[in-house]
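**Student:** Start from the sequences, fold in the hints, and give me the full structure.
Listed in order, the protein sequences are those of chains W and H. Counting in our numbering, the first sequence runs from 199 upward without gaps. Counting in our numbering, the second sequence runs from 199 upward without gaps.
It is possible that some hints are incorrect.
Pulled a few chain H residues facing chain W out of the computed Cβ check, cut under 8 Å [claimed, not checked]:
1) 419
2) 434
3) 441
4) 442
5) 532
Now the stretches of chain H that chain W is said to cover, found in silico as 3 or more residues with beta-carbon under 8 Å [to be verified]:
6) 423 to 429
7) 494 to 508
To be clear, the hints were calculated from the coordinates, so they are not data collected in a lab. Fair warning: this is a prediction, and the values are worked out from it, not measured in the lab. Each residue gets a CB set at the ideal place from its N, CA and C atoms; glycine is no exception.
There are 2 protein chains.
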Amino acid sequence: MLNGDDALDTQASVRRANLRRALQLVFRSPGSETRAGIARATGLTAATASSLVAELIELHLVVDGEQAASTGGKRATTLSIDAAHHLILVLVLRPTDARIALVALDGTEVETRQVAFSDESRVRMLDSALTDIATEHAGRLLVAGVQLPGTTDGRRVFESVQLGWTDVPLADRFERLLSVPVLLVNDVDAEAIAEAAREDESSGYRLFIHIGTGIGAAVTLDGELAPGPRDRAGEIGHVQVQFGDDARACRCGRQGCLESASSMTAMLGDDFDDAMDDEAITALAASADENKLAEGARALARTIKLIAAVLDAAEVVIGGPARALGDPFLRLVQAEIDYTATGTADVPVRFADADASISTGVGQVALSNALGVRWSPAQLRAASAPPRS
Amino acid sequence: MLNGDDALDTQASVRRANLRRALQLVFRSPGSETRAGIARATGLTAATASSLVAELIELHLVVDGEQAASTGGKRATTLSIDAAHHLILVLVLRPTDARIALVALDGTEVETRQVAFSDESRVRMLDSALTDIATEHAGRLLVAGVQLPGTTDGRRVFESVQLGWTDVPLADRFERLLSVPVLLVNDVDAEAIAEAAREDESSGYRLFIHIGTGIGAAVTLDGELAPGPRDRAGEIGHVQVQFGDDARACRCGRQGCLESASSMTAMLGDDFDDAMDDEAITALAASADENKLAEGARALARTIKLIAAVLDAAEVVIGGPARALGDPFLRLVQAEIDYTATGTADVPVRFADADASISTGVGQVALSNALGVRWSPAQLRAASAPPRS
DNA sequence: GAACTAAGTTTATTGAATAAACTATGACCG
DNA sequence: CGGTCATAGTTTATTCAATAAACTTAGTTC
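**Tutor:** Written out as structure tokens, the structure is:
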């Protein structure tokens, strides 16, 4: 339900879909997209592209920018993201604290707050922090995205071991406080989206694997989360991938789980913890048992090959703290994939980009969702009215 | 590229998408769908639904049927598939022979031919057989679907070990002969679609695994093939799933491949062959080594769990000759899945329905593709003109 | 400065869905 | 048995989005 495929009933949904496509083009190349470029990319006429852009400008989503250099005729007016009006609220939920960021549409963080809490005080402190922000920025808030560790359908938290929650209707609660659409997003999905959105041409399936103390996966298609229910998708940490003598005991009580071999804790030892910065991880890795790293890479490669084969994935991206393991680890994984290559082409593996901001990811999913699924121009107009008056 | 997601440019594409949705509803419950039912299911108004149906009737895709029993008001006119006009050509390609079937829209086979050939004569014999049919049924042919073992993007055969082909632009060639849209479909995909189309409510991902002398997988989403490039998707037979001492040598030259443990040949011995009927297989299974069956089930379960976890699959369906292994085998697989269950829900495994006709599968994909992607009402009108004159 | 090219706008038209009023036909019920 | 209600389906006027085609603007090239 997270992706923006509209049911194409009526003309209005066509308009919405085309507005969304136009907006996405500006998002992909802010400052260099033009009306004519949108017309070309979408196949719509120049007149329609102009009309779409006019509406996006009126909705405070896009602004006219500089004149582009001429390509033989009249110089085009470039389009930029309107960063001055709407704000996206991004809430990153972690067990003992939360980060609340207000992000402009161009991705710049306007304001950040940190809220620390204990298990008991969590809901109360979140409520009051969100209420504060909602009143403070009333009228400018567009959507909110909540990133959390655990399974969710976007509305409810099904299960979060880290947060100690089971079946919590968090989106409803926050929507009452904020009066804007709220979308819950699994943290690995958010990471995958932040990464996938960076690509200009993201064709085909891409498998994203987060490796920290835990392991999770997400699949993107053409730069967006793969369609279909994501309720419990990507929970691969405790699928068995090692057997017989190789299988180690896992903290989940079973044996041979992917996490028991390929998690950062498994590879670097119990000293590892998710809050470490890259230098600390690199240092830890330098003194780590090479066999354990190799074993982790092997187990990971097994997993990757199977999933990549089913989906015919174009690329595999490893994200999370494992990025700090650097190229040697990547080479281990890639070598293992290539070694037992299937008849079909090998899938290339790389690390996620370090500066793919996570708040960008969850913000983008939330924005995309709001625009694609629950957004009506009237609603947006209401949201953008106050600053205009 | 096989699925019917339209680029939603214009009103015309909305019309096409809605025509397709209406047609699909009639296909799902022929003889019991009604105009009012289509309106309810699609959310469109009754007037629009009537207009869509009128166009489908004019295009000879649907006909009015009986009056339904009253549900409190006026009796509804049921809609049936118009089996009298259009024909789908289904070509099932195998190494030493091909089956050509002309299938009416309701799935009944109007005519069947068998063509046997050697490697050298194949192309020539196919060409002449197709030319014959094309002239014989000129004007009634709507689309053609070609089912074959090997990787394809719908237009070209990338690689087919069984047919000995590499990068053959088969669709172009056949389209020149037949003058109707031709779609190439991998055989496992066709099987998966035939199975998925049987379900009334096919929500979420479903993993289909064909097990014969080889093993292939296909993923469906909500009753249709999962979107995205399927060029080489589902080629899981030679991914390694057994390691260390367990790993057996595979015919592909490597070790521990899924096929080396879970193919019918691996489980039942070299006596097995894909052409066997169900009784022969059952007989062979009765005298088979139980350890090998158990080992095959175990390797299969490992594979299933990983893929199901990534996609959050709602169901796993096993098709192909393995269906004849019966419930005992299914129980082995299911037990293995449940035994090392991940924290999330176990995925149920079942066999494909025996009577899910394969020609239905490839025919449906081809039809859906033609309607969704390359079909224009004008084109269809041309195709349906001759029988009307 | 004339010819050309590309960007973007204006205006009339087309096509698809809608709303609302209407017809048709059966069930239910006193 | 006739009135009322419910559902199926059609007709007609309207709305809305995209289009085509003519037009304006603003640059390059020769």
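**Student:** Return the numbers of the hints above that this structure violates; sort them in rising order.
**Tutor:** Violated hint (a single one): 5; every other hint is consistent with the structure.
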